[in-house]
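Colleague: Chain by chain, the residues:
Number of protein chains: 2
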Amino acid sequence: MRKFKGNVTTPKGFSAAGVMAGIRKKLKKDIALVYSETPCVAGATFTTNKVKAAPVVWDMEILKNGKPKHAVVLNSGIANACMGKQGVEDNYEMASAAALALACHPEQVFTASTGVIGQPMPMDVIVPGIEDAARRLGNTERDGQEAAEAIMTTDTISKTVACQFTAEDDIEVTLGGMSKGSGMIHPNMATMLSVVTTDVNISEELLQEAVSTVVADTFNMISVDRDTSTNDTFIVLANGLAGNEKITKKNKVYEDFVLALFIVCKDLAMKMAGDGEGATKLLEVKVRHARTHEDAVKIAKAVISSNLVKAAFYGSDANWGRVLCAMGYSGGEFDPDKVDIYLQDGDDRYLLVKNGMAIDYSEKKATELLSKPMMTFRINCNDGYEKATAWGCDLTYDYVKINGDYRS
Amino acid sequence: MRKFKGNVTTPKGFSAAGVMAGIRKKLKKDIALVYSETPCVAGATFTTNKVKAAPVVWDMEILKNGKPKHAVVLNSGIANACMGKQGVEDNYEMASAAALALACHPEQVFTASTGVIGQPMPMDVIVPGIEDAARRLGNTERDGQEAAEAIMTTDTISKTVACQFTAEDDIEVTLGGMSKGSGMIHPNMATMLSVVTTDVNISEELLQEAVSTVVADTFNMISVDRDTSTNDTFIVLANGLAGNEKITKKNKVYEDFVLALFIVCKDLAMKMAGDGEGATKLLEVKVRHARTHEDAVKIAKAVISSNLVKAAFYGSDANWGRVLCAMGYSGGEFDPDKVDIYLQDGDDRYLLVKNGMAIDYSEKKATELLSKPMMTFRINCNDGYEKATAWGCDLTYDYVKINGDYRS
Numbered sequence: 001m002r003k004f005k006g007n008v009t010t011p012k013g014f015s016a017a018g019v020m021a022g023i024r025k026k027l028k029k030d031i032a033l034v035y036s037e038t039p040c041v042a043g044a045t046f047t048t049n050k051v052k053a054a055p056v057v058w059d060m061e062i063l064k065n066g067k068p069k070h071a072v073v074l075n076s077g078i079a080n081a082c083m084g085k086q087g088v089e090d091n092y093e094m095a096s097a098a099a100l101a102l103a104c105h106p107e108q109v110f111t112a113s114t115g116v117i118g119q120p121m122p123m124d125v126i127v128p129g130i131e132d133a134a135r136r137l138g139n140t141e142r143d144g145q146e147a148a149e150a151i152m153t154t155d156t157i158s159k160t161v162a163c164q165f166t167a168e169d170d171i172e173v174t175l176g177g178m179s180k181g182s183g184m185i186h187p188n189m190a191t192m193l194s195v196v197t198t199d200v201n202i203s204e205e206l207l208q209e210a211v212s213t214v215v216a217d218t219f220n221m222i223s224v225d226r227d228t229s230t231n232d233t234f235i236v237l238a239n240g241l242a243g244n245e246k247i248t249k250k251n252k253v254y255e256d257f258v259l260a261l262f263i264v265c266k267d268l269a270m271k272m273a274g275d276g277e278g279a280t281k282l283l284e285v286k287v288r289h290a291r292t293h294e295d296a297v298k299i300a301k302a303v304i305s306s307n308l309v310k311a312a313f314y315g316s317d318a319n320w321g322r323v324l325c326a327m328g329y330s331g332g333e334f335d336p337d338k339v340d341i342y343l344q345d346g347d348d349r350y351l352l353v354k355n356g357m358a359i360d361y362s363e364k365k366a367t368e369l370l371s372k373p374m375m376t377f378r379i380n381c382n383d384g385y386e387k388a389t390a391w392g393c394d395l396t397y398d399y400v401k402i403n404g405d406y407r408s
Numbered sequence: 409m410r411k412f413k414g415n416v417t418t419p420k421g422f423s424a425a426g427v428m429a430g431i432r433k434k435l436k437k438d439i440a441l442v443y444s445e446t447p448c449v450a451g452a453t454f455t456t457n458k459v460k461a462a463p464v465v466w467d468m469e470i471l472k473n474g475k476p477k478h479a480v481v482l483n484s485g486i487a488n489a490c491m492g493k494q495g496v497e498d499n500y501e502m503a504s505a506a507a508l509a510l511a512c513h514p515e516q517v518f519t520a521s522t523g524v525i526g527q528p529m530p531m532d533v534i535v536p537g538i539e540d541a542a543r544r545l546g547n548t549e550r551d552g553q554e555a556a557e558a559i560m561t562t563d564t565i566s567k568t569v570a571c572q573f574t575a576e577d578d579i580e581v582t583l584g585g586m587s588k589g590s591g592m593i594h595p596n597m598a599t600m601l602s603v604v605t606t607d608v609n610i611s612e613e614l615l616q617e618a619v620s621t622v623v624a625d626t627f628n629m630i631s632v633d634r635d636t637s638t639n640d641t642f643i644v645l646a647n648g649l650a651g652n653e654k655i656t657k658k659n660k661v662y663e664d665f666v667l668a669l670f671i672v673c674k675d676l677a678m679k680m681a682g683d684g685e686g687a688t689k690l691l692e693v694k695v696r697h698a699r700t701h702e703d704a705v706k707i708a709k710a711v712i713s714s715n716l717v718k719a720a721f722y723g724s725d726a727n728w729g730r731v732l733c734a735m736g737y738s739g740g741e742f743d744p745d746k747v748d749i750y751l752q753d754g755d756d757r758y759l760l761v762k763n764g765m766a767i768d769y770s771e772k773k774a775t776e777l778l779s780k781p782m783m784t785f786r787i788n789c790n791d792g793y794e795k796a797t798a799w800g801c802d803l804t805y806d807y808v809k810i811n812g813d814y815r816s
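These protein sequence lines map, in sequence, to chains A and B.
Take the first sequence: its position 242, counted from the start at 1, is 242 in this note's numbering, and no numbers get skipped.
To get this note's numbering, take the position in the second sequence, counting from 1, and add 408.
In isolation and in its complexed conformation, chain A is listed as follows (with noise of 0.2 Å):
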């Protein structure tokens, strides 16, 4: 198991390229088209928001119509969303565009929009664009990171990840994977668009079972119940390229593929808290020894959502009463007398709270740790054995700014 640099081009039979089509004002890169030539199973998750953008409501549906899939084509800039049956239809030609440029059936080509909701698609700069990023795939390291970075929007950093893992003894089994948005506040906050590639040869029963276990962990920890914007979309092709035998039950090789998966996954959910909106420092909450997983995983998203505590990380202030505040509210079950909570660095853990009390710590050091870049709350509920990992980022003034203009 070995992750590596890399992204959508890395594994066998996938091309890709990221072209400025003229989508908005600004020059960016806004157009980005992946492709199999090999016709691949996919498995894939959306927003559970019941406002759905036309691409969403596209996409569920081919998800299921048993046809092979070639593509994935994606923009940044308007979201398709709140509009209607116009949105549809911009929808439809967009995937029609694809298809036609990529010789095979629109229902073959998934989509995926970001950027503002309820403006039209400007068809006649996406059309062209698409037709562009046709002509222009390919499967170097390149063509994959310019496919990155045109589906970014308020994003600061692209994001991009590949894993490798051996089946069979000797075969090499390759995933990459993209992604934009920002896991500040909650993705609600800007869409998560997600592709992962790989080389996998697998039924596509599996590789859903594998997409929702894995997102679960990953994605969603980023994330708050209920919370996801109109247009969240995760999808991941398989061609079967790698040669292994057909992944059809769980054995140890489809074990190692969810593994992969989820270190994919981890990596790129990071990188999206990581790069929150206005974001400076990554904030990792884990829950330990929690009566159950779902108290733990209510627990965690709680202390990373909350603004007061998001607020606090910023000024590093290691203002544990909200951490416990924030528990209090999860909604997850515990003992507030048995809460022990440590800041953590790598694998030093520096206690600020024994039984749901202050210790006698400095408040000097805690300082000292809240000002690294990456640091972990952990709280340790001593109250059973499950356990969950939230990441989030903290609350800033340039978030506000961000998200006060963001469509001037």
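Derived from the structure by calculation, the hints contain no laboratory data.
Among the hints, erroneous ones may be present.
Unchecked claim - List of simulated lysine to aspartate or glutamate pairs, EDC-like, C-alpha gap at most 20 Å:
1. B:Lys-809 - A:Asp-398
2. A:Lys-401 - B:Asp-806
3. B:Lys-458 - A:Asp-383
4. B:Lys-458 - A:Asp-337
5. A:Lys-12 - A:Asp-169
6. B:Lys-458 - A:Glu-333
7. B:Lys-458 - B:Glu-469
8. B:Lys-493 - A:Asp-335
9. B:Lys-433 - A:Glu-363
10. B:Lys-493 - A:Asp-340
11. A:Lys-354 - A:Asp-340
12. A:Lys-50 - B:Asp-743
13. A:Lys-85 - B:Asp-768
14. A:Lys-50 - B:Asp-745
15. B:Lys-458 - A:Asp-335
16. B:Lys-433 - B:Asp-540
17. A:Lys-372 - A:Asp-347
18. A:Lys-401 - B:Asp-725
19. A:Lys-25 - B:Asp-725
20. B:Lys-458 - A:Asp-340
21. A:Lys-50 - B:Asp-791
22. A:Lys-85 - B:Asp-743
23. A:Lys-50 - B:Asp-748
24. A:Lys-50 - B:Glu-702
25. B:Lys-458 - A:Glu-294
26. A:Lys-372 - A:Asp-345
27. A:Lys-85 - B:Asp-748
28. B:Lys-493 - A:Asp-360
29. A:Lys-50 - B:Glu-741
30. A:Lys-252 - A:Glu-205
31. A:Lys-85 - B:Asp-745
As the list claims (entries may be wrong) - Restraint ranges, calculated between C-beta atoms of paired labels, are given here:
32. B:Glu-776 - A:Gly-138: 48 to 58 Å
33. B:Ile-767 - A:Met-123: 18 to 28 Å
34. A:Met-60 - B:Ile-767: 23 to 33 Å
35. A:Lys-338 - B:Phe-412: 48 to 58 Å
36. A:Met-374 - B:Ser-770: 37 to 47 Å
37. B:Lys-657 - A:Glu-363: 49 to 59 Å
38. B:Met-531 - A:Met-374: 38 to 48 Å
39. A:Ser-96 - B:Asp-745: 23 to 33 Å
Ideal Cβ placement from N, Cα and C applies to all residues, glycine included.
We have chain A already, so just place chain B on it with the hints.
Modeller: Frame of chain A, contents of chain B only:
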């Protein structure tokens, strides 16, 4: 029914004081006392946070002891939360000091604290402070005003109001209230403390019912489900001196009393929302024609709590997509294709969204409206007959500043 300037000393038989005991370094009043020599019945609601401060635990206990109540003693600066046995003892000493000074029993005295969590109460200054407050008790408007000032923390204005109605043709019933707290983001951000005094004559059972009814539509609508601080406390004392026939059933006088209590609590709730930490503007969200009251409440709370909506409101940006997005993850049922959204300024309504899609409104006009010190998003679900209203404020740089170094 008449709302007017007044406070906890406005109803007959109540006196109050606010003094500077020196709990924090800041030169600021920090102990408040509210007193009625005439025995009172009491109604109250408290935080639902699992982590409860010592005064909350005390109040919940004595609320049900059947003894008439005489006073509420409050302090700002230290929350007396997460202090274990020491906190319980300090709280009892606080109630005892007040009881001794007022010649009643500790179990007839409610306590309330607000401030930093996890630090010990400086009893060496608190006890003399309570004695000082008891000596200074007075029933002028100024005395009530000083009590209101003594409970402020990050509040920028003191919050008081009074209301009067006529019962049985010629009996004036008066209510007076004070509160502290910031509706910014959620009340979990900052404790909400509120005391309402009234000279109405009412059974304790019906007083409690009135309190629970009114709180649901007022204080809880500047909040989000589950998000309450460790200390949130709302106490109503009723001493019966108005001389009305005791309310023991839900007659006309009871209904008038509930309305008066609603007026007082709504006024205080809106003042808290508008005085959100760092807030510059008051935001009201009216959800109308929802399927059920519960759906309306969920939708209103999700929109009022959305950081994205709040930040856009700060920037006077009519980003209705974020409103629709927050509705979508609220958990409330509605049909996105039926939703109309207006900006409402008094009786004037300006339509932004019709049937879930933007109409051709003027961004300039919308920005003008959103620049006002108070604005209402009116959301019409066109899907039923239920409604709810919530209050909040914009998210600003100053919010981050205040909460980044609150303890410093």
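Colleague: For each hint, tell me whether it holds in the structure or not.
Modeller: Against the structure, the hints:
no., hint, result
1, B:Lys-809 - A:Asp-398, "holds (11 Å)"
2, A:Lys-401 - B:Asp-806, "holds (11 Å)"
3, B:Lys-458 - A:Asp-383, "holds (15 Å)"
4, B:Lys-458 - A:Asp-337, "holds (11 Å)"
5, A:Lys-12 - A:Asp-169, "holds (18 Å)"
6, B:Lys-458 - A:Glu-333, "holds (9 Å)"
7, B:Lys-458 - B:Glu-469, "holds (16 Å)"
8, B:Lys-493 - A:Asp-335, "holds (16 Å)"
9, B:Lys-433 - A:Glu-363, "holds (18 Å)"
10, B:Lys-493 - A:Asp-340, "holds (17 Å)"
11, A:Lys-354 - A:Asp-340, "holds (5 Å)"
12, A:Lys-50 - B:Asp-743, "holds (8 Å)"
13, A:Lys-85 - B:Asp-768, "holds (17 Å)"
14, A:Lys-50 - B:Asp-745, "holds (11 Å)"
15, B:Lys-458 - A:Asp-335, "holds (8 Å)"
16, B:Lys-433 - B:Asp-540, "holds (19 Å)"
17, A:Lys-372 - A:Asp-347, "holds (15 Å)"
18, A:Lys-401 - B:Asp-725, "holds (12 Å)"
19, A:Lys-25 - B:Asp-725, "holds (19 Å)"
20, B:Lys-458 - A:Asp-340, "holds (16 Å)"
21, A:Lys-50 - B:Asp-791, "holds (15 Å)"
22, A:Lys-85 - B:Asp-743, "holds (16 Å)"
23, A:Lys-50 - B:Asp-748, "holds (16 Å)"
24, A:Lys-50 - B:Glu-702, "holds (17 Å)"
25, B:Lys-458 - A:Glu-294, "holds (17 Å)"
26, A:Lys-372 - A:Asp-345, "holds (9 Å)"
27, A:Lys-85 - B:Asp-748, "holds (17 Å)"
28, B:Lys-493 - A:Asp-360, "holds (17 Å)"
29, A:Lys-50 - B:Glu-741, "holds (9 Å)"
30, A:Lys-252 - A:Glu-205, "holds (17 Å)"
31, A:Lys-85 - B:Asp-745, "holds (11 Å)"
32, B:Glu-776 - A:Gly-138: 48 to 58 Å, "holds (50 Å)"
33, B:Ile-767 - A:Met-123: 18 to 28 Å, "holds (21 Å)"
34, A:Met-60 - B:Ile-767: 23 to 33 Å, "holds (28 Å)"
35, A:Lys-338 - B:Phe-412: 48 to 58 Å, "holds (50 Å)"
36, A:Met-374 - B:Ser-770: 37 to 47 Å, "holds (46 Å)"
37, B:Lys-657 - A:Glu-363: 49 to 59 Å, "holds (57 Å)"
38, B:Met-531 - A:Met-374: 38 to 48 Å, "holds (40 Å)"
39, A:Ser-96 - B:Asp-745: 23 to 33 Å, "holds (25 Å)"
No hint from the list above goes unmet by this structure.
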